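There are 2 protein chains.
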Amino acid sequence: MKKIGFIGVGIMGKSMIRNLMKAGFEAAVYNRTKEKALDVVQEGAVWCDSVAECAAGRDAVISIVGYPKDVEEVYFGEKGIIANADKGTYIIDMTTTSPKLAVRIAQEGEQAGLHPLDAPVTGGDTGAKAGTLTILVGGKKEDFDACKTVFEAMGKNIDYEGPAGCGQHTKMCNQIAIAGALAGACEAMAYAKNVGLDVRTMLNSISTGAAGSAQMSNVASRVLDEDFNPGFFLKHFIKDMSIAQDEAQDVDTKLAVLDDVLAMCRELEEQGMGDLGTQALIKHYKW
Amino acid sequence: MKKIGFIGVGIMGKSMIRNLMKAGFEAAVYNRTKEKALDVVQEGAVWCDSVAECAAGRDAVISIVGYPKDVEEVYFGEKGIIANADKGTYIIDMTTTSPKLAVRIAQEGEQAGLHPLDAPVTGGDTGAKAGTLTILVGGKKEDFDACKTVFEAMGKNIDYEGPAGCGQHTKMCNQIAIAGALAGACEAMAYAKNVGLDVRTMLNSISTGAAGSAQMSNVASRVLDEDFNPGFFLKHFIKDMSIAQDEAQDVDTKLAVLDDVLAMCRELEEQGMGDLGTQALIKHYKW
Numbered sequence: 001m002k003k004i005g006f007i008g009v010g011i012m013g014k015s016m017i018r019n020l021m022k023a024g025f026e027a028a029v030y031n032r033t034k035e036k037a038l039d040v041v042q043e044g045a046v047w048c049d050s051v052a053e054c055a056a057g058r059d060a061v062i063s064i065v066g067y068p069k070d071v072e073e074v075y076f077g078e079k080g081i082i083a084n085a086d087k088g089t090y091i092i093d094m095t096t097t098s099p100k101l102a103v104r105i106a107q108e109g110e111q112a113g114l115h116p117l118d119a120p121v122t123g124g125d126t127g128a129k130a131g132t133l134t135i136l137v138g139g140k141k142e143d144f145d146a147c148k149t150v151f152e153a154m155g156k157n158i159d160y161e162g163p164a165g166c167g168q169h170t171k172m173c174n175q176i177a178i179a180g181a182l183a184g185a186c187e188a189m190a191y192a193k194n195v196g197l198d199v200r201t202m203l204n205s206i207s208t209g210a211a212g213s214a215q216m217s218n219v220a221s222r223v224l225d226e227d228f229n230p231g232f233f234l235k236h237f238i239k240d241m242s243i244a245q246d247e248a249q250d251v252d253t254k255l256a257v258l259d260d261v262l263a264m265c266r267e268l269e270e271q272g273m274g275d276l277g278t279q280a281l282i283k284h285y286k287w
Numbered sequence: 001m002k003k004i005g006f007i008g009v010g011i012m013g014k015s016m017i018r019n020l021m022k023a024g025f026e027a028a029v030y031n032r033t034k035e036k037a038l039d040v041v042q043e044g045a046v047w048c049d050s051v052a053e054c055a056a057g058r059d060a061v062i063s064i065v066g067y068p069k070d071v072e073e074v075y076f077g078e079k080g081i082i083a084n085a086d087k088g089t090y091i092i093d094m095t096t097t098s099p100k101l102a103v104r105i106a107q108e109g110e111q112a113g114l115h116p117l118d119a120p121v122t123g124g125d126t127g128a129k130a131g132t133l134t135i136l137v138g139g140k141k142e143d144f145d146a147c148k149t150v151f152e153a154m155g156k157n158i159d160y161e162g163p164a165g166c167g168q169h170t171k172m173c174n175q176i177a178i179a180g181a182l183a184g185a186c187e188a189m190a191y192a193k194n195v196g197l198d199v200r201t202m203l204n205s206i207s208t209g210a211a212g213s214a215q216m217s218n219v220a221s222r223v224l225d226e227d228f229n230p231g232f233f234l235k236h237f238i239k240d241m242s243i244a245q246d247e248a249q250d251v252d253t254k255l256a257v258l259d260d261v262l263a264m265c266r267e268l269e270e271q272g273m274g275d276l277g278t279q280a281l282i283k284h285y286k287w
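Sequence lines, in order, name chains V and Z.
Here the first sequence stands for residues 1 to 287, numbered as in my numbering.
Here the second sequence stands for residues 1 to 287, numbered as in my numbering.
For the record, the hints were derived by calculation from the structure and aren't laboratory data.
All clues given are correct.
Using 20 Å as the maximum straight-line C-alpha spacing, the simulated EDC-like pairs for lysine to aspartate or glutamate come out as follows:
{"hint": "1", "chain 1": "Z", "residue 1": "Lys286", "chain 2": "V", "residue 2": "Asp260"}
{"hint": "2", "chain 1": "V", "residue 1": "Lys193", "chain 2": "Z", "residue 2": "Asp246"}
{"hint": "3", "chain 1": "Z", "residue 1": "Lys79", "chain 2": "Z", "residue 2": "Glu108"}
{"hint": "4", "chain 1": "Z", "residue 1": "Lys286", "chain 2": "V", "residue 2": "Glu247"}
{"hint": "5", "chain 1": "V", "residue 1": "Lys286", "chain 2": "Z", "residue 2": "Glu247"}
{"hint": "6", "chain 1": "V", "residue 1": "Lys193", "chain 2": "Z", "residue 2": "Asp259"}
{"hint": "7", "chain 1": "Z", "residue 1": "Lys100", "chain 2": "V", "residue 2": "Asp198"}
{"hint": "8", "chain 1": "Z", "residue 1": "Lys235", "chain 2": "Z", "residue 2": "Asp125"}
{"hint": "9", "chain 1": "V", "residue 1": "Lys87", "chain 2": "V", "residue 2": "Glu142"}
{"hint": "10", "chain 1": "Z", "residue 1": "Lys34", "chain 2": "Z", "residue 2": "Glu73"}
{"hint": "11", "chain 1": "V", "residue 1": "Lys283", "chain 2": "Z", "residue 2": "Asp259"}
{"hint": "12", "chain 1": "Z", "residue 1": "Lys254", "chain 2": "V", "residue 2": "Glu267"}
{"hint": "13", "chain 1": "V", "residue 1": "Lys286", "chain 2": "Z", "residue 2": "Asp250"}
{"hint": "14", "chain 1": "Z", "residue 1": "Lys141", "chain 2": "V", "residue 2": "Asp198"}
{"hint": "15", "chain 1": "Z", "residue 1": "Lys286", "chain 2": "V", "residue 2": "Asp246"}
{"hint": "16", "chain 1": "V", "residue 1": "Lys193", "chain 2": "Z", "residue 2": "Asp252"}
{"hint": "17", "chain 1": "V", "residue 1": "Lys286", "chain 2": "Z", "residue 2": "Asp246"}
{"hint": "18", "chain 1": "V", "residue 1": "Lys254", "chain 2": "Z", "residue 2": "Glu267"}
{"hint": "19", "chain 1": "V", "residue 1": "Lys141", "chain 2": "V", "residue 2": "Glu110"}
{"hint": "20", "chain 1": "Z", "residue 1": "Lys193", "chain 2": "V", "residue 2": "Glu247"}
{"hint": "21", "chain 1": "Z", "residue 1": "Lys254", "chain 2": "V", "residue 2": "Asp260"}
{"hint": "22", "chain 1": "V", "residue 1": "Lys193", "chain 2": "Z", "residue 2": "Asp159"}
{"hint": "23", "chain 1": "Z", "residue 1": "Lys193", "chain 2": "V", "residue 2": "Asp159"}
{"hint": "24", "chain 1": "Z", "residue 1": "Lys254", "chain 2": "V", "residue 2": "Asp259"}
{"hint": "25", "chain 1": "V", "residue 1": "Lys239", "chain 2": "V", "residue 2": "Asp250"}
{"hint": "26", "chain 1": "V", "residue 1": "Lys193", "chain 2": "Z", "residue 2": "Asp250"}
All of these numbers come straight from a predicted model, not from anything done at the bench.
Between the sequences and the hints, there should be enough to build the whole structure, so can you do that?
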């Protein structure tokens, strides 16, 4: 395992490419907007003019793009990864996308003689930079094992979750739990403000006990500083929650709190707040 | 500050009385059911036959009983704390009750020449036992300062939250944040199970990152072990959430997730699950 094709040089991808090169992998890269890839190319990555060029002649092809439709565009069709990767190549989608789409990539990939894995991550841009991502992997166990060194270059907790789609399903669990904890933190803060408490004092009192959560820690100080810059974009959170809601419905499971949080976030997006961070959920309340 | 009257010798109260005596305070105790107080009496607490007897002749009177109506019974009327405590006594309600009721106790208590504080706790029975409770105090700052040694005998984080009612309001924030985080954890687990993930593997993968919460840590292992014994009673959580909902409405603040979680918990209570622990919320989902 030496030659990596990497598709999607965004905030996440860029750091992951750097960590792969640092670990000794050869990286060939493609991005829809070439300008965004210029610095990693200067640092030693090889630029490819198309997905097809980036996919051919590699040991593994990694993608981390935006929305499910971007994933489809990159994998399927004549110009896609599946049609252009060499037989035996490991194809690894690290985008957060739908488990259903992961299964489809796995099926078509296997038919083409490839080794598909779905491997979304948690840990955000800071985790990508530090190489401490958690990587949630679905696919065949032997393919997971074969790609371990690749994952270890980018992350710290590398977990095998089960067959194709299970990496994505696990990521959905992550987003579902975040939705509840985030809303709980926002509602506690909104209540506090409106009944006249000192919100900082309240948060200091409760955040280390049974009410504490990573979301409370992340969100509280940003909200109090009126900082609504994205750590994680509201619009991407909406995408993820929509997928989770859809998959939950498929197995006849109603997630009332997820549904609520998604509805509130969509209202905020309609009001033009999609490019803010998820802490903007507080704006749905009387804040 | 030496002589303490303590009303309510339940799971919480018993441990708190022991810690007060350990710190050198003299404890006189009253409980509706005498049998529950026998062991602390054997350990040196003085039994009182009534609230009135327990309230008279003390430096401070502490109460920790069940529901708001129990608090009213203990404080108001001819036989209550306010009518029977000596002038200058600190009267401290540590029950989780409504901020409105705390304000009423404060007003009537002050008129009677007493020093009222509302001081609900977090940390549960283990915190009460270990003397590590977080104590959320509302009332006059000088009364808070005067009672600090009393609180320090029972807790570790002793926080002044503001005027009368603010201790209770802060406890409401705690319960609101718990509602969201608990629901998020339950929904993630229900989703995982129904899509066919290994729930333990999923939890290991996500619980240390952005999705992590004290609720996830508390609830997950209990649910997986099918242990629905109460760490915190569902029926008490319903009481607390009802108070929070009511107070939020008073300040025209809609807490959508709290409302949802409360509605789900009430359905479970109607099905006879009120005496289970809060982790029973998972039973509302397809689990």
